[in-house]
Amino acid sequence: MVRKIFVIILLIGLGWFFYGMADSFHGSDSLNMTASYYAENGAEEVGAANLVTAIVVTYRGLDTLGEVTILFLTAAIAAFFLKSKEEFSKRDVKPSSELLQTAAGMLVPLIFVLGVYVFVNGHLSPGGGFQGGAIIASGLVLLLLSKPLQKVNSRFFALVESFSGLFYVGIGVAGIFLAGGFLDNSILPLGEFGTLLSAGILPVIYILVGLKVGSELSGLLTKFQETQEEN
Amino acid sequence: MLSVIIIIALTILVLAAAILAVQTTNLVVAVISAGLVSLMASVGYLFLSAPDVAMTEAAIGSGLSTIIFFYVLNRVRGKDHG
Amino acid sequence: MVDSILLNPIYIIGIGLGTSFILGFFKSGRFQAHPSAMHSERIKTAPWVLMIGALTVMTFISAEWLWSFLFNGQLPQQIYTAGFEPPFSINLLMGRNEAFFTLMVNLVGLLSGLYLLDKFKEMGTHALSVYLVLIMGLNGIIMTRDIFNLFVFLEIASIATAGLIVMTSDVKALSAGFKYMIATGLISGFLLIGIIFAYYFGGSLNIDSLAEANLTTVQGGVFAVFLIVVSLLLELKPFPANGWGIDAYEASPVGINAVISSASAGATYYVLSKVLIITDAKWYAVTAVVGIITFLGSNLMGIKQTNAKRMLGYSSVGQVGLLLVILGLSEQLGNSFKFIIFGIMMSHYLAKAGLFWLVGIVKTGILKDWGILRKKPVLVFFMGTFIFALLGLPPFPSFFAKWTLVLTLSAAGLNLWVGLILFGSLIEAVYLFRWFGYVLKLDADKERSLSTPFYRTFPVWLFGLLSYYIGYVASVMVPGGETLGMFYLPLAFVGFLFIIDRYLPVWVKNTLSMAAMALYGWYYMAGLSEFRMLFAIIFIGGGIVTMIAGYAKSGKRVGFYPFVVMMYIGLGGLLLSENILQFFISWELMTLGSYVLIIRGKKSMPHALSYMMFSLGGAFLILAGFGLAFAGSGVSSISLDILKNVTRYSGLIYTFLAIGFMTKTAVIGLHIWLPGAHAEAESDVSPMVSAILLKAGMFGLVVLMLAMGSQSLGGVSLPYLLGWLGAITALLGNLMAAFQEDAKRLLAYSSVGQLGYVVFAMAFMSHLGWLTALAFALNHFVFKALLFLAIGGVVMRTKTKTMYEMGGLIKRMPLSFISVLIGIIALSGLPPLTGFAGKWLSYNAVIEKGWYFQGFLVSIAGLVAFLYCFRLIHVIFLGQPKDKFKNIKEAPIAMLIPQYILIGVIMLFSLMPNMVLKPIGEFLVQYFPDGALQWDGGTAVSSLGRWSGVAIMNITIGIFGTILIWLLFMSRKAVKVKQFNIFYSGEAPSRPELTHYGYNFFAPYKKAVGFLVQPLVTRFWDGIADILHSISDFVRRLYNGNGQMYAFQVILFVVVFSIFTIG
Amino acid sequence: MDFGLVAVVVGFLLILIGIWGILTQKNIVKIVIGFSIFDTGLHAIMVGIGYLKGRTAPILDSAVSPADALTSIVDPVPQALVLTAIVIGLGVTALMLAYVVRLYDYRKSLDISSYEDLKW
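Residue numbers (my numbering), protein chains in the order written: chain A, 3 to 233; chain X, 19 to 100; chain G, 276 to 1338; chain V, 18 to 137.
For the record, the hints were derived by calculation from the structure and aren't laboratory data. There's no promise every hint is true.
Selected chain X positions facing chain V (Cβ under 7 Å, derived; list incomplete) [what the hints assert, rightly or not]:
#1 L31
#2 A34
#3 L38
#4 A39
#5 V46
#6 S67
#7 A68
#8 D70
#9 A76
#10 I86
#11 N92
#12 V94
#13 R95
Output of the computed footprint for chain X on chain A, the stretches with three or more beta carbons under 8 Å from beta carbons of chain X [unchecked claim]:
#14 16–24
#15 139–147
So these bits of chain V aren't anywhere near chain A, every CB distance computed over 10 Å [to be verified]:
#16 S126
#17 S131
#18 W137
On a predicted model such as this, the values are computed, not experimentally measured, just so you know. Where is the CB? At the ideal position from N, CA and C, for every residue including glycine.
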């Protein structure tokens, strides 16, 4: 109890500080310098209709590379120490219902297609690599739910992950030679604004990000799922 | 006007779900509440003209993390609570 | 110029990432819960080789850049990503600093990668990827100029660290990793809030643009600045919100620790320094305050630690605290800032990585089990290197950095900071030297072996040697560094001795060392003048004479000669010094060398530690004194002459320096290290430290008092105080000597008393006083060396130092007897020998000055000296011989030769006191023209009387000769009984020594004046130590190991910090 | 009503609630849940900061032409940052949960006070 009182006092202190911050915030009427630049030049320089995508993949591409790296790290660490036994223990898992299995059989391909659609169109509409990747991973969850005994080939995910990661870095480095710098998207022509094949290498990068995120998340989920078997 | 009402409702719900998530002793309820917090936040992001964020938050924050939480709960379930 | 296409710094990141993705192709050799099931025997060195290759390329790229910055006039280069200019896209910067820091990170990453070969085999490719990503992330942290990108890289680094911590996979590591994640999760959350608000108020994420936005002047922008600064500070684990970090240090595998301590800390530190440009002066001050609290607090915590990794963790955090202080004071440090950071950073970097690697080689964290390291003397050598480097001793870079730091801070008037920094360093020295003492002294577990594969020792070797090289580089950069050439050749010889140390027998090395010292004296000392020449005779001449005794040793005596020579180089260096830098380096060299000599003694571990503590404390006072003098003289010169020109702080300078020097002369209050250190030392080391080394302190006083004359502090004349101090020291030192049972302790305490005379006499600040002091210094060297050698010879034969266990040795060891006899006559100031001259002079001086009461104390001290001298000769040599010593031999000839050389010197001085006194008097005239002694041939004439050495000699030899012959004659008639052969009512007494007449020889006196020699001083210092220990023990309970407690501390730090900084 | 300010305030409140959970809940799963709420709060603040009243999403299509983007879209930068932050947050959460599983394997306890091995 004493502990909670201390925490309350602490949170009041912190809350007071936050109050000061919130109080100093009063919206904005116009875009600031950085945002204005993107609004004015983003479409022209990058060729992506979705400015968030333009920023995520190109202007702040290094961040994105960093964040897929974080997922990569997490997956690697989880794989390291959530390792299940080599032999797949055949404990009695209730097979899931016929209905679920059938539904999954129909839905999973659809979900995968949706995921792919989302990251292929990332430069045009909301969505992109992360979202698409996450959607693919949730498709996998459905698969795992419907067929709990199926051994998922995590090696496959690892390979996809490594390939897409490597390509990503490779494209980045190619930018140094072929264009203005690391991760410059103009190593391919920008194309016609607003079409699928536009915005230079950006869609390719986002596809790679999608594949990478999807495989990383899938790998992660598989690891967590496999630990169930040790139970 | 409608949006204002929705925002107010969302605000209240988000905070309530958050408090429930940290206060309840039932881990399943806690995980679901935390997922709801994310989900409602992602609805809120739509109102803030941030569809990309909304999608991501919905797919990752309320989707995948909740699934991982459940895997973990399943793993450690029933032996300890608190 | 670097070809920016071929060696683009972005490749560091690209290669790091790309390679770790490639590592994903390899089938992962995974961790197995059961070591027996290690299925991966056909191990996977290929992925490891790949990773090492990547790290090598990364290291090469940063090295190449640093090279061209340093030598090719390369300009800093911006690296734009995505082909757009900042602030609209993320940019990296490769400048001189970035090249330096990335090289640090990559090099330690590469070496730790090598070092961890075994561990990686066990952990598999996943661990390799994570490790590589960690190093890559640290590079990114250093190079990026975008604050959100910084956040991403910080996250990468901390997640990778958390991952590597658990890869040791025991539950302790897991719980530590979890706490680490909680804390870093909170911290990065705060950082993110700060970043987004900085973006809101500053309109950019680019650090340089944010700096232009002057956030601190924008209402609300302060919040953003606050959060960014506080979270970066928290990443650096400030005291006391750092339990999570310390636990992580303790839990992670050692190679990883080396990276966390050396590379991560360096990178995060650099980040803070580059982000601080978005703030203003106030935040620098705040940083300095947090830094000093961390430095002091963490080092205090270190005292109570028993686990090496945890202790090093505290030390690392403390060092980072020191770096923060320097960063915070960068404005005040001006041009010296970079040099200071460079020095401290490099020492910390090399030493911490090296020590962590050693932990892995020893394979135990328990400090007391570290004696095993002695199986590899080279590693002990490097451990010493690292510890000395960490503590800022010469010749390591941190020495020069601390030196510059103190001087610059003093010049800026920031004396409080100097005091706190030096105090913290002293605390750090306590536990590091204690640890080193364990290594040198504690018994090793014979069962265990030390496995030292090449890939583990190589990094240690490399960093050890680099410490010396960088030390050299730093020494050239420091002002006055060009005058350090005088150390090169002598120290090169020390290095040579280290190399041959394990191969040559003792007599070869002894001869070599003596020859080298003779050359040193001949070559360097020839031109010395006056006082310096006098001390040169004691230091170098005396040193050579005492070293003759070294021939008595057999075997190789590993680890002895380099340090003897180092000590003498230090002593000689004092005399050659023309500036305070040379002087201080000499002082430290002497301390280092003598520390190792002292700790070689049998039970000397605690004594050596207290010797080191007092010496370092003294050295820091000297340093502070020099700093003040530098500031107070008004001329920016480091010449020793500035002591003559001080206009400010003169009382303080005088006090600091005097106390500093008196730690070596062991004035009462600062003497507690001496008896143990001198008595436990080896038989030929005791004369060196007691007869020679103490004079270093005296030489310091000579320099000080000649330069500054009489000063006063708070209205009290300091020489007057010194006079009292000297008199009391003389009395108490001698009293304590009289009550010792241990012959060598007796001599050691006697040195305390006699150096008291010296201080007393010098305090007169008069011609006669100084004549006395200087003459006595020479005499003291001669007879104390003689006595220690003679007693050392006896101890060598009898294997005991306790006097009552000896007895009747006159017949078996007549030559030693004669030595001791002559020694005590000289010592007690009886006519006809040299001691008398000193006495006579001092009475003259006392009367002249009018310090009668102090003079009275000193005369009593003289009487007491008779007592212990009597005991020395009586109990050891007279009386009845013990049965077990029936067939004992005379001391080895090698011990006797120096004794008889010294006896010759005594005789010479006694016959012709003018030979010494006259030249001393002559050069004293220029400082103290009044009251000089007049010489009438061989007869001295003062205002009070006259004294002729020859005449007195003739008279007393006649008297004494008669008595001696009579004594010898009488002893034939003595009845022989067995000692200890006494029974009470048929029972043997439980402590037979109680019945021995030689035990508690002066019991009646002890009853009368024993209260004077209560170990009050010892209790006082023990009390201080206890208080420090208790505080340490109390405060460390904050670190109760609970993750929530740590999280609470982190948030509390934020809140409290906000109250102090932004109200 | 400024939705941006609402998001910022709600974000701060969520952070406080999350910290409350982190500091008071003994169960390590609940601590991780606290973190996930803390993260959501962070994201809400960031999105709120980038919001401009009455403007549309930063996607240039038939409704918003590149020419009048400057006056009609919200700030895209915070949104981009949030995307990154969300993914990072997921990584951190997953790693923490992996820790939970392993800790549980060793001690069969979810109480944080069971894991105080290293201290002082």
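Going down the list of hints, with the structure as the test:
Annotation: X/L31 was flagged as interfacial toward chain V, and the flag is violated, the nearest CB pair being 11 Å apart, outside 7 Å. Interface restraint check: X/A34 against chain V, minimum CB-CB distance 10 Å, threshold 7 Å, status violated. Proximity of X/L38 to chain V is violated relative to the hint, the smallest CB-CB distance being about 10 Å (cut-off 7 Å). With 7 Å as the threshold, the beta carbon of X/A39 comes within range of chain V, its nearest partner Cβ sitting at about 6 Å, so the hint holds.
Below 7 Å, beta-carbon pairs count as interface contacts, and X/V46 has none with chain V, the closest being about 10 Å; its hint is therefore violated. Interface restraint check for X/S67: the shortest CB-CB distance to chain V comes to about 4 Å, inside 7 Å, so the restraint holds. With a cut of 7 Å, the hint placing X/A68 at the interface with chain V holds, because the nearest CB-to-CB distance is about 5 Å. With 7 Å as the threshold, the beta carbon of X/D70 comes within range of chain V, its nearest partner Cβ sitting at about 6 Å, so the hint holds.
Because the smallest distance between the Cβ of X/A76 and any Cβ of chain V comes to about 10 Å, over 7 Å, the interface hint for this residue is violated. Checking X/I86 against chain V: minimum C-beta separation of about 6 Å stays under 7 Å; hint holds. For X/N92, the suggested interface contact is broken, since its CB lies about 10 Å from the closest CB of chain V, more than 7 Å. Given the 7 Å rule on beta carbons, the hint for X/V94 holds: about 5 Å separates it from the nearest Cβ of chain V.
Interface restraint check for X/R95: the shortest CB-CB distance to chain V comes to about 10 Å, outside 7 Å, so the restraint is violated. With 0 residues having a beta carbon nearer than 8 Å to a beta carbon of chain X, the stretch 16–24 of chain A misses the requirement of three or more and the stated coverage is violated. Requiring three or more residues with a Cβ within less than 8 Å of a Cβ of chain X, the coverage given for the stretch 139–147 of chain A holds, as 3 such residues are present. Every Cβ of chain A is farther than 10 Å from the Cβ of V/S126; the closest lies at roughly 16 Å, confirming the non-interface assignment.
Residue-level check passed: V/S131 sits 17 Å from the nearest beta carbon of chain A, beyond 10 Å. Every beta carbon of chain A lies more than 10 Å from that of V/W137, the smallest distance being close to 20 Å; the non-interface claim holds.
Going through the hint list in order, the structure does not satisfy hints 1, 2, 3, 5, 9, 11, 13 and 14.
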